[in-house]
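One-letter residues, chain by chain:
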Amino acid sequence: MASRDLKDLVPEAGEKALLVQQACKEAVGFDLLIYCTLRPLEEQARLYRQSRSRKEIDAKMVKLSRRGFDYLANVIESVGPCYGRHVTNAAPGESWHNYGEAWDAVPLIGGKPEWNYLHAKAFWDAYGEAVRQVGMNWAGDWTGFREYPHAQLKTGGNPLKTMGPEEIELALVERKLIAPEMIA
Amino acid sequence: MLQLISAIPTIIAAASKVSELFKKGRDTVKAVTGDPSQASTPEELQTEVQQLSPEQQNRWAEVMAKEVDKYTAQNERLAVEIGLVDANITSRVSEDAASKIAIMRMTTRPWSVRCMVLYVLFPFFLVIIDMLQHLMIAWLPFLDRWIDPFNSFEYVFGVMKWPEKINAGTLEKLAVLFAGKGGPATFAGQLYMESIPWVVSIILGYMGLREVGKWRGSADKAPEGVLGGAKSSPVSVVAQTLSEGVNLVSNVRSWFNKKK
Numbered sequence: 377m378a379s380r381d382l383k384d385l386v387p388e389a390g391e392k393a394l395l396v397q398q399a400c401k402e403a404v405g406f407d408l409l410i411y412c413t414l415r416p417l418e419e420q421a422r423l424y425r426q427s428r429s430r431k432e433i434d435a436k437m438v439k440l441s442r443r444g445f446d447y448l449a450n451v452i453e454s455v456g457p458c459y460g461r462h463v464t465n466a467a468p469g470e471s472w473h474n475y476g477e478a479w480d481a482v483p484l485i486g487g488k489p490e491w492n493y494l495h496a497k498a499f500w501d502a503y504g505e506a507v508r509q510v511g512m513n514w515a516g517d518w519t520g521f522r523e524y525p526h527a528q529l530k531t532g533g534n535p536l537k538t539m540g541p542e543e544i545e546l547a548l549v550e551r552k553l554i555a556p557e558m559i560a
Numbered sequence: 017m018l019q020l021i022s023a024i025p026t027i028i029a030a031a032s033k034v035s036e037l038f039k040k041g042r043d044t045v046k047a048v049t050g051d052p053s054q055a056s057t058p059e060e061l062q063t064e065v066q067q068l069s070p071e072q073q074n075r076w077a078e079v080m081a082k083e084v085d086k087y088t089a090q091n092e093r094l095a096v097e098i099g100l101v102d103a104n105i106t107s108r109v110s111e112d113a114a115s116k117i118a119i120m121r122m123t124t125r126p127w128s129v130r131c132m133v134l135y136v137l138f139p140f141f142l143v144i145i146d147m148l149q150h151l152m153i154a155w156l157p158f159l160d161r162w163i164d165p166f167n168s169f170e171y172v173f174g175v176m177k178w179p180e181k182i183n184a185g186t187l188e189k190l191a192v193l194f195a196g197k198g199g200p201a202t203f204a205g206q207l208y209m210e211s212i213p214w215v216v217s218i219i220l221g222y223m224g225l226r227e228v229g230k231w232r233g234s235a236d237k238a239p240e241g242v243l244g245g246a247k248s249s250p251v252s253v254v255a256q257t258l259s260e261g262v263n264l265v266s267n268v269r270s271w272f273n274k275k276k
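Note that the protein sequences, when read in sequence, are chains A and B.
Under my numbering, the first residue of the first sequence is numbered 377, with each subsequent residue one higher.
Under my numbering, the first residue of the second sequence is numbered 17, with each subsequent residue one higher.
So that you can see chain B by itself, here it is in the shape it has in the complex:
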């Protein structure tokens, strides 16, 4: 097992700054020992953890190290996604780090594209729901008592109501919703089928552009080349503020170091 006890002070330092990590630390103490944590401050948490057996301490540190990494990754990703990290920043970091940021950006789909993918898959989800319903009816017949009240709202759920007995015809009914002989049976089904080519072309277009981006990014170029014209683009207000922020924070740190 990886020895992580030496990382405990660092983890506690992170937990003292982020209340959610502190809470997670307390939860982890409970998970490891079975007893709820009594700590109300990071110092108390540290004392509590140090009183655990070495195996428990190691387990605690192992879980918490992952949580701290996750928190850091989430924050970094957030900064990349909302554009706080732009080409002017990436041009100043190492080539390796800039490439990682570029890949992260390329592999992040906008929420609209994610929704469109779910939209396209909607009929398949219906089929899966129907299969699950049939499986449950076949294997768990005592569920009837809850299914009956649900089915009384048939006018809401339509074909998605629970089957009373195994019914092989449901899948055909579902298929008619989206693809009958003379086209989809319902107006909603028609709208859906009309929209599919557009949605699919948007998704494919987006994915195609992303692949082009990946292809460009994977070439052995300097980071500014990877991310597109960093030197030529004007310095953004956000980037300027961000880089200033780094300096101001270090000013504060050195002020306190001198004070000590």
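Chain A with its partners taken away, still in its complex shape:
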């Protein structure tokens, strides 16, 4: 299960999350619910597998192995068969949530989460501005696929393309998201 605890974010993101929540509350007057912070690799693997055929899963595993991420391919295999609707394009390691560098949030209007951007554009835009002000990237600014709840520390949709293999390994081990022996 993905975490919603701000302590699970990397310190920089955690501090910024608090600041964004504070800005939304004090400057605009609404509560911001951060409902997803760290998503473990296994959880990402389950979500990835649940709407895909064995062929697609194998292809992804081969691709990851070729790029030197055998341990990520192993995570996909280890979670076993999963079934459900399509919810993500990201395999384990391909989401900033897997590194605690991103969060998803929704404005609470009258105590209820307002998921529809067009119904509460003002509040969503205010949230987006707060994210920008703390120097993070708001996925509502993306042109290809806008994901209004999502905010991340770094630019780029795929960490595996943004960071090098060593950097990835270091990040995962340092944050205790994967055991060092699994990488070796």
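With a straight-line Cα cutoff of 35 Å, these simulated DSBU-like cross-link-like pairs (lysine-lysine) come out:
hint: 1; chain 1: B; residue 1: LYS33; chain 2: A; residue 2: LYS436
hint: 2; chain 1: A; residue 1: LYS530; chain 2: A; residue 2: LYS401
hint: 3; chain 1: B; residue 1: LYS33; chain 2: A; residue 2: LYS537
hint: 4; chain 1: B; residue 1: LYS46; chain 2: A; residue 2: LYS436
hint: 5; chain 1: B; residue 1: LYS39; chain 2: A; residue 2: LYS436
hint: 6; chain 1: B; residue 1: LYS274; chain 2: A; residue 2: LYS488
hint: 7; chain 1: B; residue 1: LYS82; chain 2: B; residue 2: LYS39
hint: 8; chain 1: B; residue 1: LYS46; chain 2: B; residue 2: LYS86
hint: 9; chain 1: B; residue 1: LYS86; chain 2: B; residue 2: LYS274
hint: 10; chain 1: A; residue 1: LYS497; chain 2: A; residue 2: LYS401
hint: 11; chain 1: A; residue 1: LYS530; chain 2: B; residue 2: LYS275
hint: 12; chain 1: A; residue 1: LYS537; chain 2: B; residue 2: LYS82
hint: 13; chain 1: A; residue 1: LYS439; chain 2: A; residue 2: LYS530
hint: 14; chain 1: B; residue 1: LYS40; chain 2: A; residue 2: LYS439
hint: 15; chain 1: A; residue 1: LYS497; chain 2: A; residue 2: LYS537
hint: 16; chain 1: B; residue 1: LYS275; chain 2: B; residue 2: LYS40
hint: 17; chain 1: B; residue 1: LYS33; chain 2: B; residue 2: LYS276
hint: 18; chain 1: B; residue 1: LYS33; chain 2: B; residue 2: LYS86
hint: 19; chain 1: B; residue 1: LYS82; chain 2: B; residue 2: LYS33
hint: 20; chain 1: B; residue 1: LYS40; chain 2: B; residue 2: LYS274
hint: 21; chain 1: B; residue 1: LYS82; chain 2: B; residue 2: LYS116
hint: 22; chain 1: A; residue 1: LYS497; chain 2: B; residue 2: LYS276
hint: 23; chain 1: B; residue 1: LYS39; chain 2: A; residue 2: LYS537
hint: 24; chain 1: A; residue 1: LYS439; chain 2: B; residue 2: LYS46
hint: 25; chain 1: A; residue 1: LYS497; chain 2: B; residue 2: LYS40
hint: 26; chain 1: A; residue 1: LYS488; chain 2: B; residue 2: LYS33
hint: 27; chain 1: B; residue 1: LYS276; chain 2: A; residue 2: LYS530
hint: 28; chain 1: A; residue 1: LYS552; chain 2: B; residue 2: LYS275
hint: 29; chain 1: B; residue 1: LYS275; chain 2: A; residue 2: LYS383
hint: 30; chain 1: A; residue 1: LYS537; chain 2: A; residue 2: LYS431
hint: 31; chain 1: B; residue 1: LYS276; chain 2: A; residue 2: LYS401
hint: 32; chain 1: B; residue 1: LYS276; chain 2: B; residue 2: LYS82
hint: 33; chain 1: A; residue 1: LYS436; chain 2: B; residue 2: LYS40
hint: 34; chain 1: B; residue 1: LYS276; chain 2: A; residue 2: LYS537
hint: 35; chain 1: B; residue 1: LYS82; chain 2: B; residue 2: LYS46
hint: 36; chain 1: A; residue 1: LYS431; chain 2: B; residue 2: LYS40
hint: 37; chain 1: B; residue 1: LYS116; chain 2: B; residue 2: LYS40
hint: 38; chain 1: B; residue 1: LYS40; chain 2: A; residue 2: LYS537
hint: 39; chain 1: A; residue 1: LYS537; chain 2: A; residue 2: LYS439
hint: 40; chain 1: B; residue 1: LYS86; chain 2: B; residue 2: LYS39
No lab work stands behind these hints: they were computed from the structure.
Go by the hints and put chain B onto chain A.
Below, chain B alone, put in the same frame as chain A:
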């Protein structure tokens, strides 16, 4: 050459908010220097760009300034097209800006009208394809090896199969599809010809209305006149939300400014 180096911080600021612009920035570094960019953050990109020679920096800024402008224009146009910018908004902006929005709206054809125009032009496209095929056969005879397998699906492509040699009769065959002596040769051709008057009248009707709109819009009237009864129309939820949004965003900005 226009000196654009001073615009680099602004471009980087935009790229830090939009991942596609950031990616474009990296691509442009490669295009300008020939080496791929190593930047993974906007700060790194800025450092990388600042290490380029002044000419390269200027070239980078020139390309990126156009990209940023394009992004902004696309977003503005999107907002106009989907109706986020309506008369209640345009009544609050300057006359000049409202006129620009009005012209933008008038020159944007709905996708259905665009499709209809392509539909009407369909036979002419066929003729052009046939001419291209003949030109290629005449000038590039070695293409035979790829053309033969394609032609084996003749039952799919019909008269559009590639000619084996220059064949002056193909155009007549095409013409018979849509206009034989006793009418179009095929049922599809008949349907097409039957539909043409309707489609053309829709296109002409739309274009006529658009011209009327342009004519009204070009008169020296106030923006609300240009866009039709802004003051009298009720305030839409979208417009209200949009104008509130502007305020809330500025609230957030001033909150952070105070914090600094």
